[in-house]
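**Student:** In case you want the letters, here they are:
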Amino acid sequence: METTPLHPWHIAHGGRMVDFAGTELPVQFSSIVKEHQTVRSNVGWFDVSHMGRFRLHGPDAADWIDGLVTCRVTDLAVGRVRYGLVCQQDGGILDDVLVYNLGGDPGEWAMVVNASNRAKIKDWFLAHQKNRQATLEDQTGDTAMLAVQGPKAIALARQLFDRDPAGLPYYGVFTTILEGREVLVSRTGYTGEDGWEVVLPREGGLALAGTLDGLGVTACGLGARDTLRLEAAMPLYGHELSVKLDPFQAGLGRSVDLGKDFIGRDALLRRRGLADLPVRVGLVSGGKRAAREKDQLLGAEGSEIGFVTSGTMSPTLNHPVAMAYLRPDMAVVGTRVSALVRGREEPYTVARLPFYKRPAK
Amino acid sequence: MNPKDLKYAKTHEWVRPEGENYLVGLTRFAVDQLTDITYIELPKVGSRVEPGEGMGEVESVKAVSDIYAPVGGEIVGVNDALASDASLVSRDPYGEGWLVRICPEKSGALDHLLSADEYAKQTEGN
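Protein chains in written order, with our numbering: chain R, 1 to 361; chain U, 1 to 126.
These are computed hints drawn from the structure, not numbers from a lab.
For each residue, glycine too, the CB sits at the ideal point set by N, CA and C.
There's no promise every hint is true.
Said to hold, decoys possible - Just the calculated beta-carbon pair ranges, DEER-fashion: (1) Glu118/U to Ala119/R: 40 to 48 Å; (2) Gly214/R to Gly46/U: 53 to 61 Å; (3) Glu18/U to Asp213/R: 40 to 48 Å; (4) Glu118/U to Thr3/R: 31 to 39 Å; (5) Gln296/R to Glu118/U: 39 to 47 Å.
As the list claims (entries may be wrong) - Cut-off 30 Å, straight-line C-alpha distance, at most; resulting in silico cross-link-like pairs (DSSO-like, lysine-lysine): (6) Lys4/U to Lys288/R; (7) Lys10/U to Lys288/R; (8) Lys361/R to Lys34/R; (9) Lys122/R to Lys34/R; (10) Lys152/R to Lys294/R; (11) Lys44/U to Lys294/R; (12) Lys10/U to Lys294/R; (13) Lys244/R to Lys120/R; (14) Lys106/U to Lys4/U.
Make a model of the complete structure from these sequences and hints.
**Tutor:** Here it is in structure tokens:
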């Protein structure tokens, strides 16, 4: 199993380690609920070094990415980040990625991909490079990545960086100096809170963990990361996203630009108009038994109408929430369905996503 | 940390003889592993359980786990306080967080269970 540069820190601080997509990571340190609530109300940090980090360099780097992701990147300003999907020819989702325009001449771009898809996406890019003048470097092993999330994350960053992160727009990215090392900081995250993520040289990971710990910032594990992203209705590859699903079904049409050419575009043009494909919905329950991944959804007459992709007891809302794929005619807010939870039907209602939205400042 | 006077099932339930009946709960090890317990479902009073059979479930934020009957018999009591506050199990697993009271079918029903030391050995290294 792989480990991250922060592995010794996790062990020393009582992290309960689990295998996540081939990397040993902490699922929690104290309690998922406590870590979750700390991020919602204050600030917490996560080791996200398992995520795949690529650098694309060269005059055709932008065109290369543009030809393989669903969002347009050729008009992405320097210092900005955009969310997109990588699809195969039939429109099925290979991964969801963040694309960073780092500027420079002739062009420096970064991409962050899911740990479970890192090798697949690297191979996919190389297989479809054609004659484009650019290189792809996998920097995952040479770097660490931490996410610092919560309403107090930006104020905290002021104490750490030599550039004021308050000037960084949502989905903005800049290079700065942190503890004497050049690092990449973006105002991004996977929790539904304000915050930042930092990519730094591998040896800087442990040092930053120590600094954050010294400042009293709570270390959080994958468990809280999952409940936070679920409340914020952020999809997780392997759950809400897969090669059998397309971005429109996933409700991510805003990240698809059919006005440009990319792999999967022709299929997606067709699939967009299909009215019979299951679509991603939110589900809530007033009960106690949380529907979980793979639980079936049943209609009034007991027929199968969908399946749950992620579900938990929401620590913020204190009732079960789930994301699911549902027959499109049933995917209307307020529709009542049954979830087959460990052999027994539980009433659920289709709800608007996200379940949680951070309060406006 | 496991009380010496209790018997333990491999599936992390404890049993305390109480007159003719057995009081059953979840071990400290189990609740520490689960953390963030949100809901506990228990069998109804009057129902019968077989040893080793699933008799309920404990739901945490992360996952759901089965609760197994360490001994067979009739459920003669359930801890109703858990319905409103499942976290009692985490706070006091060997006391106020008990689960059910079972009237055993036959005597000597505890022979297959582990002592505190044997159970501690099983959970070592976890």
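**Student:** Compare the structure with each hint and give your call.
**Tutor:** Evaluated hints:
no.	hint	verdict
1	Glu118/U to Ala119/R: 40 to 48 Å	holds (45 Å)
2	Gly214/R to Gly46/U: 53 to 61 Å	holds (57 Å)
3	Glu18/U to Asp213/R: 40 to 48 Å	holds (46 Å)
4	Glu118/U to Thr3/R: 31 to 39 Å	holds (33 Å)
5	Gln296/R to Glu118/U: 39 to 47 Å	holds (40 Å)
6	Lys4/U to Lys288/R	violated (34 Å)
7	Lys10/U to Lys288/R	holds (27 Å)
8	Lys361/R to Lys34/R	holds (23 Å)
9	Lys122/R to Lys34/R	violated (37 Å)
10	Lys152/R to Lys294/R	violated (36 Å)
11	Lys44/U to Lys294/R	holds (28 Å)
12	Lys10/U to Lys294/R	holds (28 Å)
13	Lys244/R to Lys120/R	holds (16 Å)
14	Lys106/U to Lys4/U	holds (23 Å)
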